[in-house]
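Peer 1: Start counting the sequence shown at 1; every next residue gets the next number (the UniProt record's numbering).
Any given hint could turn out to be false.
Distance ranges between label pairs, derived from CB positions [what the hints assert, rightly or not]: (1) 78 with 143: 39 to 49 Å; (2) 228 with 113: 40 to 50 Å; (3) 77 with 166: 52 to 62 Å.
Source of the hints: derived by calculation from the structure; they are not laboratory data.
Heads up, the beta-carbon is just placed ideally off N, CA and C, and yes, glycines get one too.
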Amino acid sequence: MIWACVDRTTLLERTGDPFLRYAAPADVLAVAGPLGWAALVRWRPFGHWGGAAVMAPGAPVGAESDALSVLVARAEEQNVSPEWFSTAPGRELAPPPGWQVGTGDTWAFMWTDRATDLPPAPPGLVELDDAADAARVEAFGRSHNRLFEGFPGRGYASLWLGVEDAAGELAAVGGIHVLGSGAAHLAGIVVRPDVRGTGLGTGLTAQLTRRAVAAHGASTLGVYSDNAVAVGLYHRLGYAVAHHFHTHGLTRMRVGAAVACDLR
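All chains, full assembly: derive it from the sequences and hints.
Peer 2: Below is the structure:
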C-alpha cells in the first residue's frame, strides 16, 4: 500500500473533513493515498496524541493497520508516542511492531458552526471555576454518571457552566475544553436524574454552544454512538456527525513489559 506524507493544509483541501478542520493542529502527522487518509493529532494543547484513519469504501482489510504503521514510524522519529487510534466501526486494526492495540468504545465526532435559533439559557445558570470548583464539579459528575469525562481541575476547560436549583444545589454541569488545535470541545455535560427530560440539558448545551461558537467560531463534541437520546439532542441543536469512530488504546511495548496510557 502506498502512503504519502501530507501536511494539514493539503489534506484539508483534498477532503474538507471536519475532524481535520477542528481537531488537527498544524503539527498533525498525516498520510494519504488511493485508499484514504490517516492522521495523528495532538488532542490536548500539551499532548495526548492520537488519531484516526478514514478509508474509501471497499478498502481492503489491513489498510488502516498499514497507515498506522507508517504514522507510528513518523511519530517515533519526532519522539511522539500516540496513545489511541480510531477506525470506522467494524474495521480491523492490527498493531505496528512493538505495540499493542486494545479494545475501546464507539463514538461520534460532531460539530457545528451555527449558534442561531437555539433554546434560551436555563434559569439558575452560573459560571464555575475549573480550579476553585473542581471538587464540586467532579463530585456532581461522578455521582450521576460513572463515565463522567469532564476532568475539572486539570486545566482542560476554558469554561464551566452549571445550573443551580432553588436550594443552590447543582442540577446540571457542562464545560468547554480547548483542543490542541484551539477548537472548542464540549465535555462533561451531566444532568441530575430527577430533572432529566425537562429541557434543562438542552438549554445548558445550547448555552455552551453559543459560548463556544462566539469564542472559537465552532463547537465540537464527542458522544457515545449508542446514546440515541444525546445524539438526537445534538442534532436538534444543529450538530452534524462527521464520523462514527471506534477508538483503540495504543500501548508501546518495552522490554518485558508494556507501558499503558490513560485514554484521557
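Peer 1: Are there hints from earlier that the structure breaks, and if so, what are their numbers?
Peer 2: 2
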